[in-house]
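Trainee: Here is what each chain is made of, one letter per residue.
There are 2 protein chains.
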Amino acid sequence: MLKKRLFTPGPTSVPEEILLEMAAPIMHHRTDEFISVAKEVFENLRYIFQTKNDVFVIASSGTGAMETSITSFLSKGDKVLVISGGKFGERFKEISLAYQLDVISVDLKWGEKLNPDTIKELLEKNPDIKAVFGTLCETSTGTHFDIQTIGEIVSGYEDTIFVVDAISSLGAVPCLTDDWKIDVVITGSQKAFMLPPGLAFMSVSDKAWKKTETSNLPKYYFNLKKYKKTLAKNDFPFTIPVSLVIGLKKSLNIIKTAGIEKIWEEHRIRAEATKQAMVAAGLKLFSEAPSNAVTAVLLPENVEGDKLIKLLRTKYGISLAGGQDHMKGKIIRISHLGWQDEFDVLTAINAIGVGLTELGYSIDIEKGITAAKKILFATPK
Amino acid sequence: MLKKRLFTPGPTSVPEEILLEMAAPIMHHRTDEFISVAKEVFENLRYIFQTKNDVFVIASSGTGAMETSITSFLSKGDKVLVISGGKFGERFKEISLAYQLDVISVDLKWGEKLNPDTIKELLEKNPDIKAVFGTLCETSTGTHFDIQTIGEIVSGYEDTIFVVDAISSLGAVPCLTDDWKIDVVITGSQKAFMLPPGLAFMSVSDKAWKKTETSNLPKYYFNLKKYKKTLAKNDFPFTIPVSLVIGLKKSLNIIKTAGIEKIWEEHRIRAEATKQAMVAAGLKLFSEAPSNAVTAVLLPENVEGDKLIKLLRTKYGISLAGGQDHMKGKIIRISHLGWQDEFDVLTAINAIGVGLTELGYSIDIEKGITAAKKILFATPK
Numbered sequence: 005m006l007k008k009r010l011f012t013p014g015p016t017s018v019p020e021e022i023l024l025e026m027a028a029p030i031m032h033h034r035t036d037e038f039i040s041v042a043k044e045v046f047e048n049l050r051y052i053f054q055t056k057n058d059v060f061v062i063a064s065s066g067t068g069a070m071e072t073s074i075t076s077f078l079s080k081g082d083k084v085l086v087i088s089g090g091k092f093g094e095r096f097k098e099i100s101l102a103y104q105l106d107v108i109s110v111d112l113k114w115g116e117k118l119n120p121d122t123i124k125e126l127l128e129k130n131p132d133i134k135a136v137f138g139t140l141c142e143t144s145t146g147t148h149f150d151i152q153t154i155g156e157i158v159s160g161y162e163d164t165i166f167v168v169d170a171i172s173s174l175g176a177v178p179c180l181t182d183d184w185k186i187d188v189v190i191t192g193s194q195k196a197f198m199l200p201p202g203l204a205f206m207s208v209s210d211k212a213w214k215k216t217e218t219s220n221l222p223k224y225y226f227n228l229k230k231y232k233k234t235l236a237k238n239d240f241p242f243t244i245p246v247s248l249v250i251g252l253k254k255s256l257n258i259i260k261t262a263g264i265e266k267i268w269e270e271h272r273i274r275a276e277a278t279k280q281a282m283v284a285a286g287l288k289l290f291s292e293a294p295s296n297a298v299t300a301v302l303l304p305e306n307v308e309g310d311k312l313i314k315l316l317r318t319k320y321g322i323s324l325a326g327g328q329d330h331m332k333g334k335i336i337r338i339s340h341l342g343w344q345d346e347f348d349v350l351t352a353i354n355a356i357g358v359g360l361t362e363l364g365y366s367i368d369i370e371k372g373i374t375a376a377k378k379i380l381f382a383t384p385k
Numbered sequence: 005m006l007k008k009r010l011f012t013p014g015p016t017s018v019p020e021e022i023l024l025e026m027a028a029p030i031m032h033h034r035t036d037e038f039i040s041v042a043k044e045v046f047e048n049l050r051y052i053f054q055t056k057n058d059v060f061v062i063a064s065s066g067t068g069a070m071e072t073s074i075t076s077f078l079s080k081g082d083k084v085l086v087i088s089g090g091k092f093g094e095r096f097k098e099i100s101l102a103y104q105l106d107v108i109s110v111d112l113k114w115g116e117k118l119n120p121d122t123i124k125e126l127l128e129k130n131p132d133i134k135a136v137f138g139t140l141c142e143t144s145t146g147t148h149f150d151i152q153t154i155g156e157i158v159s160g161y162e163d164t165i166f167v168v169d170a171i172s173s174l175g176a177v178p179c180l181t182d183d184w185k186i187d188v189v190i191t192g193s194q195k196a197f198m199l200p201p202g203l204a205f206m207s208v209s210d211k212a213w214k215k216t217e218t219s220n221l222p223k224y225y226f227n228l229k230k231y232k233k234t235l236a237k238n239d240f241p242f243t244i245p246v247s248l249v250i251g252l253k254k255s256l257n258i259i260k261t262a263g264i265e266k267i268w269e270e271h272r273i274r275a276e277a278t279k280q281a282m283v284a285a286g287l288k289l290f291s292e293a294p295s296n297a298v299t300a301v302l303l304p305e306n307v308e309g310d311k312l313i314k315l316l317r318t319k320y321g322i323s324l325a326g327g328q329d330h331m332k333g334k335i336i337r338i339s340h341l342g343w344q345d346e347f348d349v350l351t352a353i354n355a356i357g358v359g360l361t362e363l364g365y366s367i368d369i370e371k372g373i374t375a376a377k378k379i380l381f382a383t384p385k
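Residue numbers (my numbering), protein chains in the order written: chain X, 5 to 385; chain B, 5 to 385.
Just so you know, these hints were derived from the structure itself, not from any lab. Any given hint could turn out to be false.
Repeated chains share a single entry, so a pair holds when one copy, or any two copies, can fit it.
Below, computed lysine-lysine pairings styled on DSS-like, alpha-carbon distance capped at 25 angstroms [unchecked claim]:
no.: 1; residue 1: K97; residue 2: K80
no.: 2; residue 1: K91; residue 2: K230
no.: 3; residue 1: K214; residue 2: K319
no.: 4; residue 1: K185; residue 2: K232
no.: 5; residue 1: K185; residue 2: K56
no.: 6; residue 1: K80; residue 2: K230
no.: 7; residue 1: K229; residue 2: K97
no.: 8; residue 1: K185; residue 2: K129
no.: 9; residue 1: K91; residue 2: K237
no.: 10; residue 1: K229; residue 2: K80
no.: 11; residue 1: K311; residue 2: K97
no.: 12; residue 1: K332; residue 2: K237
no.: 13; residue 1: K233; residue 2: K314
no.: 14; residue 1: K8; residue 2: K237
no.: 15; residue 1: K314; residue 2: K237
no.: 16; residue 1: K253; residue 2: K7
no.: 17; residue 1: K124; residue 2: K211
no.: 18; residue 1: K332; residue 2: K232
no.: 19; residue 1: K43; residue 2: K311
All chains, full assembly: derive it from the sequences and hints.
Mentor: Okay, here's the thing in structure tokens:
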């Protein structure tokens, strides 16, 4: 019997208890019953975001919220700084250009570590930059960015906001929105929130909110002012995917009950075990600054990544992600997001060993398993 | 035990068999398995839309697709004609103005019937109109618009496209996209499709598609060119709500198996029975041209609509919709959409009788029930 297991960085697996909540009969969205669900959701989102700011809920993929952070705060011709270290950093650039912003971009090699001084210097040279766009975890490369340091730098500029794409990492790795002075944090439902895709979330600081008053970019669905107006009544401006919001309530409860710090630590342990295992088995990590949300592993030159992914998916039901764009076929990406435990990590590592062996590449995966176990079972739960 | 029944014009009830499909473990969206689901969905959408055109799927509420029909086809300053007979016609105007289009609007009284000659004359005077925006069923008033006649008129203008908001009615009432020469038809998942909210669908004719080449409005998420590119591979440009697409596959199967003509006829019968019942019981219909998707009933002056809605919802679990904006408290709206049968119609009518009686308004609902039964059970199934 083929059991299916997702190790993809979104969509991730949804716990059965959430799936069942979402399978309950549809609730109408303009009822007291649903509004009390929404109230709890808006409150608990603040906890996951570690913020006192408003957190908005938009019915779209994460990209819709990225676009909202541009259309709602900026004006035509505004100078913006985009840190681009992969496919999703690139996306901020593309959206900015679509709205005719004046884009300065820091283009890192995929997997390259950012030196925050670069941002410091660029802001000193261009104090008229209106927004800096960064990524907490670049999903396409598994790279972690030092958002805390950049937040500190940007906060020195009164008219510059810091927008962070935390789509694949919020809830998985620490993101202290307020402490780190991040004005806008964006994420989506299908990652560490353990939900299907369909909802995007974004927190907005007062500093960012002020920019909604001057923003002149055309918008309607992605106009945060509409969301602010209804938020006061724990409501949404446009018909919201009610079943996903019901699931979100449950997911936020699970996370809050466990405690967000504990969940970050569990992600850290799963990521660390995976990384150590890969290195012990003789493989190389792709990123210079690996994230705890997703680990990217460089494949040996004679292994075709697409074949490995396909073999594991079709023969064993194990879904890993491959590389994107120019890294297609050259890396595999293992997600640590959401609903996983220690034994899932061992399953992923074993699967990589089995897959590589079947493709004729000799690897000592047992060494990897041993290394992983040391980390996974080092301390009692 | 309080059983909950939705007679709201979206979200509507979702059949258990669809709820259960959507509760299955999450499928990754970049797999052959999911792509074959998407392929079937794209094909069957064409059937529901009665079109040979492409039908696109967007993760947003219906409003997102309305905005897409503006951002993807039009350019700044373009002259457009909006037929506005209620809250949702008004929305096309609002979005057009947000994008600085030059808007001519036909503002009907809520519930008023449109004379298509108005459109004919306006187009004759303004042959430079680039798009005409209409609504198949104006949900806020329960009004049906003669889209077929307007389609014929607009088709005479080579550079003018006809965009129809069929959000609350596609799948419930005839909408012969190709025969009626409608260039763009928009709808959403939470109405006659019997699904939770979260997906919007839109069909696009070649005539409309040509306009994507000249359109200069800024857009990213609502840029149909991105959707066209991925459609060729039965894929989506942004992470799609996979569980809703799984539900959509099932829903389209149910509709196709029954036959769309049969489903239109069932809606017509439910609507007709409700209308006759209301009139027989001494109430008045609100719209001059009632739709078969939703029936709006004018309340007697001494009845507070909000109280009636609240009473039925809290005491009996029956959800009807009230009036919106200036009609708040003055009308009730009964949806005939989706997963309903003859006995549901009798339940809705009886509930209105019970509610009015409890609020001290004397009504002879039995006359209504008798009238409804004559229609509901006139012919064997």
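Trainee: Hint by hint, note whether the structure agrees.
Mentor: For each hint, the structure was consulted:
no.: 1; hint: K97 - K80; verdict: both (14 angstroms within a copy, 23 angstroms between copies)
no.: 2; hint: K91 - K230; verdict: between (30 angstroms within a copy, 16 angstroms between copies)
no.: 3; hint: K214 - K319; verdict: neither (54 angstroms within a copy, 45 angstroms between copies)
no.: 4; hint: K185 - K232; verdict: within (21 angstroms within a copy, 39 angstroms between copies)
no.: 5; hint: K185 - K56; verdict: within (12 angstroms within a copy, 52 angstroms between copies)
no.: 6; hint: K80 - K230; verdict: both (20 angstroms within a copy, 23 angstroms between copies)
no.: 7; hint: K229 - K97; verdict: both (24 angstroms within a copy, 18 angstroms between copies)
no.: 8; hint: K185 - K129; verdict: within (21 angstroms within a copy, 56 angstroms between copies)
no.: 9; hint: K91 - K237; verdict: between (37 angstroms within a copy, 20 angstroms between copies)
no.: 10; hint: K229 - K80; verdict: both (18 angstroms within a copy, 22 angstroms between copies)
no.: 11; hint: K311 - K97; verdict: neither (32 angstroms within a copy, 51 angstroms between copies)
no.: 12; hint: K332 - K237; verdict: between (46 angstroms within a copy, 17 angstroms between copies)
no.: 13; hint: K233 - K314; verdict: between (47 angstroms within a copy, 24 angstroms between copies)
no.: 14; hint: K8 - K237; verdict: between (41 angstroms within a copy, 24 angstroms between copies)
no.: 15; hint: K314 - K237; verdict: between (48 angstroms within a copy, 18 angstroms between copies)
no.: 16; hint: K253 - K7; verdict: between (28 angstroms within a copy, 22 angstroms between copies)
no.: 17; hint: K124 - K211; verdict: within (20 angstroms within a copy, 50 angstroms between copies)
no.: 18; hint: K332 - K232; verdict: between (41 angstroms within a copy, 22 angstroms between copies)
no.: 19; hint: K43 - K311; verdict: between (47 angstroms within a copy, 23 angstroms between copies)
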